[in-house]
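Following the hints, position chain B against chain A.
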Amino acid sequence: MIKARQKPLKDIAPMVAPFSRVLVLGCNTCSAICLAGGEKEVAILASTLRMQSRLNGQQKELGEFVVKRQCEMEFVEEARELIQSHDAVLSLACGVGMNFVAEMFPEKPVLPGNDTMFLGLPRELGVFAERCVACGDCIIHLTGGLCPIARCAKHLFNGPCGGSCGGRCEISPDIPCIWQMIYDKLARLGQLASLEELIPVRDWKANEALGPRSFVRQDLQVKEK
Amino acid sequence: MLEAGQFAVTSEVGPPKGTDPTVVTRKGTRLKDYCDALNVTDNQTAIVRLSSLAGCALLRQVGVETVMQIVCRDRNRIAIQSDVLGAIALGIRNFLCLSGDHQMFGNHPTAKNVFDLDSIQLIAALKKMRDEKKFLCGDDISGEVPIFIGAAENPFADPFEFRAVRLAKKVRAGAQFIQTQAVYDIPKFARFMEMVREKGLDKEVHILAGIIPIRSAGMARYMQSSVPGVYVPEEVVNRMKGAKVAKEEGMKIALEDIEQLRQVPGVHGIHLMAVGWEEEAVPALVEKSGLYPRPEV
Chain A
1 MIKARQKPLK
11 DIAPMVAPFS
21 RVLVLGCNTC
31 SAICLAGGEK
41 EVAILASTLR
51 MQSRLNGQQK
61 ELGEFVVKRQ
71 CEMEFVEEAR
81 ELIQSHDAVL
91 SLACGVGMNF
101 VAEMFPEKPV
111 LPGNDTMFLG
121 LPRELGVFAE
131 RCVACGDCII
141 HLTGGLCPIA
151 RCAKHLFNGP
161 CGGSCGGRCE
171 ISPDIPCIWQ
181 MIYDKLARLG
191 QLASLEELIP
201 VRDWKANEAL
211 GPRSFVRQDL
221 QVKEK
Chain B
1 MLEAGQFAVT
11 SEVGPPKGTD
21 PTVVTRKGTR
31 LKDYCDALNV
41 TDNQTAIVRL
51 SSLAGCALLR
61 QVGVETVMQI
71 VCRDRNRIAI
81 QSDVLGAIAL
91 GIRNFLCLSG
101 DHQMFGNHPT
111 AKNVFDLDSI
121 QLIAALKKMR
131 DEKKFLCGDD
141 ISGEVPIFIG
151 AAENPFADPF
161 EFRAVRLAKK
171 VRAGAQFIQT
181 QAVYDIPKFA
191 RFMEMVREKG
201 LDKEVHILAG
211 IIPIRSAGMA
221 RYMQSSVPGV
231 YVPEEVVNRM
241 KGAKVAKEEG
251 MKIALEDIEQ
261 LRQVPGVHGI
271 HLMAVGWEEE
281 AVPALVEKSG
291 LYPRPEV
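As they're listed, the protein sequences go chains A and B.
Numbering of the first sequence is given in the working numbering, commencing with residue 1 and proceeding in unit increments.
Numbering of the second sequence is given in the working numbering, commencing with residue 1 and proceeding in unit increments.
I should point out that these hints are in silico values taken from the structure, not numbers from a laboratory.
All of these numbers come straight from a predicted model, not from anything done at the bench.
Keep in mind that a hint or two might mislead.
What the hints assert, rightly or not - Only pairs whose alpha carbons sit at most 25 Å apart, straight line, appear in this in silico DSS-like list of lysine-lysine: (1) 108/A / 7/A; (2) 108/A / 60/A; (3) 205/A / 134/B; (4) 112/B / 7/A; (5) 112/B / 205/A.
To be verified - What follows is a set of in silico ranges between Cβ atoms, one per label pair, in the way DEER data are often shown: (6) 207/A / 110/B: 17 to 23 Å; (7) 120/A / 110/B: 17 to 23 Å; (8) 277/B / 189/A: 46 to 52 Å; (9) 166/A / 3/B: 35 to 41 Å.
For every residue, glycine included, the Cβ atom is placed at its ideal position computed from N, Cα and C.
In isolation and in its complexed conformation, chain A is listed as follows (with noise of 0.2 Å):
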């Protein structure tokens, strides 16, 4: 899923400083699975604000709302009449979310109030980490699973770097070497033949690198008569 994180509130606190009427505005899926924009984070940062606007002698307004996804128009169609009488959004969902509802609501400042960090998973209690970069273009079938785009600090195609040393990855001990474990899961599939094989150079386009990407599925859309 999704995994974001919460902007400090030195962070946050500039960006809603010129507003006096706030939304802060949750969403009830990934981001509330990562615990950075569901019910009592919209609620714990909606007080905070409230609290320090009193601190500072000022009496700012924080509504508070959450909807089941903020990068869907139905859902998002719920929190209209909210959204219209606030000066501003300050968005608990993920990027996709705070996008879509700058894109529906286009008189509206739309302010971050999360960090949006990656597709990932969590690894234990309180610890998130990254598996999939959205590449477009999956290669797994040939790394035992283990992608190393997402996981590879070099994203190398090829095998591991000379960096690779007990497993771990040259830039930190605490992130482990994804070829050791692309090469240890081969080991035990009995594929490690697979890992001669040359992998040619990428073809990028069905990555970021061609702009924003956007595709069509036939099959889904309503065909007018």
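What follows is chain B alone, placed relative to chain A:
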């Protein structure tokens, strides 16, 4: 030199963090009689320096055979192929293809890296440019592409059993010579070379063993703990600590290693990386190891 079957000696010139060309030409002039070719590093350890292309061009002006290092960290396939064309036009013939140290080790840790290609794909790209006279995209290259393609290998990185396999991939991709990471653990290196010979790679590629002479006990400890990919055994650190004159001990260790490496079958040369004291250490090592004068080819 390598193709003539001679035991080769190469070294490297670290370009300056600045614009003074004489830093490069002075080192080149000092070292050229002691080495068959000099590498120019490409922003090594991700610290911005005068470019390897310009460094090689400067060395060519003082009659040095050069090896232009190319890392995949900073440039995509468009920039790299363009630089190779420019390098050939300037008389540069040898290229060393590297992944490149991660930018977090350098002086611009907030930079975005590229890694459009990896080092093996870069080798294959250069081979295609030379053998087919085509760019990666398939378009024709005009003019000649007379290049000698090199790569690095670290016999001490993990997984150890994979290193010879990776070397084989580099050879298959087109590498004609290999300069290894610094060797301090000769028995482990010999085991690596055994695997290399089992695959018959010693017949297909010229392997130059890397040597970094150590200047001080502090440098030994630092390389042991903080330089990725370099394996310094405790014994070497202790020898440096116990030495009366550290530099002399460092030279002694390097000379012993060179002597032993020359006996390892399949080693066709040495690559001396005397970072920061090349003008002093390299001529001395070449002379004292009996590799001077360099033969004419």
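A quick look at each hint next to the structure:
no.	hint	in the structure
1	108/A / 7/A	holds (21 Å)
2	108/A / 60/A	holds (17 Å)
3	205/A / 134/B	holds (21 Å)
4	112/B / 7/A	holds (22 Å)
5	112/B / 205/A	holds (19 Å)
6	207/A / 110/B: 17 to 23 Å	holds (22 Å)
7	120/A / 110/B: 17 to 23 Å	holds (22 Å)
8	277/B / 189/A: 46 to 52 Å	holds (48 Å)
9	166/A / 3/B: 35 to 41 Å	holds (38 Å)
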